[in-house]
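*Asks:* Chains as they are written, first to last, in the working numbering: chain A, 5 to 224; chain B, 61 to 261.
Treat the hints as calculated values from the structure; they're not laboratory data.
Quick reminder that beta carbons are idealized off the backbone N, C-alpha and C, glycines included.
Careful: at least some of the hints might be erroneous.
[What the hints assert, rightly or not] To give an idea of the chain B side of the interface with chain A (calculated C-beta under 7 Å), a few residues: (1) 145; (2) 211; (3) 251.
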Amino acid sequence: MAMTRVHVDPTAARSGLFNCHGCSLLVRRPSVVGRVHVRCPRCGALLHLRKPNSIARTWALLIAATIFYIPANLLPVTITTYLGSTQPDTIMSGVIFFMQTGSWGIALIIFVASIVVPIAKLIALGGLLLSVQRRSRWRPEERTRLYRITELVGRWSMLDVFVVTVLVALVRLGYLTTIEAGPGVVYFAAVVVISMIAAMTFDPRLIWDALEKNDESPAH
Amino acid sequence: MTQTLIACHECDLLHRVQPLPKKSKARCRRCGALLYVHFPKTIDRSLALAITGLVLLVIANIYPFLSLESQGTVLETTLITGTIILSQQSMAGVAILVLLTSMLIPCILLGALVYVLWPMKLGHRLPANRRAFRLALTLRPWSMTEIFLLGILVSVVKLSKMATIIPGTALFSFLALVFVLAAVNTFLVPITIWEKMDEWR
Chain A
5 MAMTRVHVDP
15 TAARSGLFNC
25 HGCSLLVRRP
35 SVVGRVHVRC
45 PRCGALLHLR
55 KPNSIARTWA
65 LLIAATIFYI
75 PANLLPVTIT
85 TYLGSTQPDT
95 IMSGVIFFMQ
105 TGSWGIALII
115 FVASIVVPIA
125 KLIALGGLLL
135 SVQRRSRWRP
145 EERTRLYRIT
155 ELVGRWSMLD
165 VFVVTVLVAL
175 VRLGYLTTIE
185 AGPGVVYFAA
195 VVVISMIAAM
205 TFDPRLIWDA
215 LEKNDESPAH
Chain B
61 MTQTLIACHE
71 CDLLHRVQPL
81 PKKSKARCRR
91 CGALLYVHFP
101 KTIDRSLALA
111 ITGLVLLVIA
121 NIYPFLSLES
131 QGTVLETTLI
141 TGTIILSQQS
151 MAGVAILVLL
161 TSMLIPCILL
171 GALVYVLWPM
181 KLGHRLPANR
191 RAFRLALTLR
201 PWSMTEIFLL
211 GILVSVVKLS
221 KMATIIPGTA
231 LFSFLALVFV
241 LAAVNTFLVP
251 ITIWEKMDEW
261 R
């Protein structure tokens, strides 16, 4: 009975090489691997075959970001005071304000940056984590691309934090109208930062490790 | 010492490094991630841009940024006014985050590049230059000047009904800084710089 030949792509891990995340130098892995940390001889970064504890760390950060996402949307991000009356605004009511005043483009930009991107990012990272944990072999190229986009667009969610900053700087005490930052902006900023770190701790190479036939998935 | 093999950072596949035509990119054969680029004169161009960026950053901090005219009075703000006001409203965490992403991190990033590249061009090297360069690379996603600029645009549209917003010198300088930082990201080829550092060993 003929054995089916499995084509194995040569990877750095299979070849016993560390791919330095700092400077892309390939460093031969020492034959005796204890719990000693190996540093890159060129740039000094700690070397790993895979990002350490990638799945657990990404899950932890992802859950934290998801929890913070709730107060980020329910609490006001700005509190506008006009002639003694105060009006709290959440992210969504800010979007509605722009729609009502006819600034559809701006409404769309904020809606995408503050609502669509964070939710899509949380779902995408969660899905990627589940697929890696189940050692899925489904469309690795597309999943890697999804990860790449997730990592790239996440920072644009900072938009609303900057909008609040500029608004409070420009509309201050002494005028008829005052805008103050609301507690929602703290949670929203936390969501953006934590989910950016979550995307950084996820290791897309885990997607491809599942495709290797005789489960030699490298430990970090 | 030029590296002959390179591994994809997104799927770990090994590739042989091949000479590329100018301004072209090598992508991973398996997952399509960017492997390396060839940009000529990366040291000269990145250094020139980094120095320009630092000058623009200074200008952006000295001159008025945005002014708001309402009922005959003009309120002038500078780049860090937002940070100051936020910290006064007990939002210190957000204030620090804004200060870092819109000003300090771009400043450290450009400063680290000048620290590494200027001596490199003159054939010297300063202590901890590798660490400084690694810091600059790590900070790249946290420099958010372009997002801050979009935030200004959104705020100006929001306030356009109630007041007149007058752009200041610093705003134009900041706008130029956004383009300079984008150009640094394009022209800077980290592998070339690392290999240049290897020549000293």
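*Asks:* Name the hints, by number, that the structure is in violation of.
*Replies:* none
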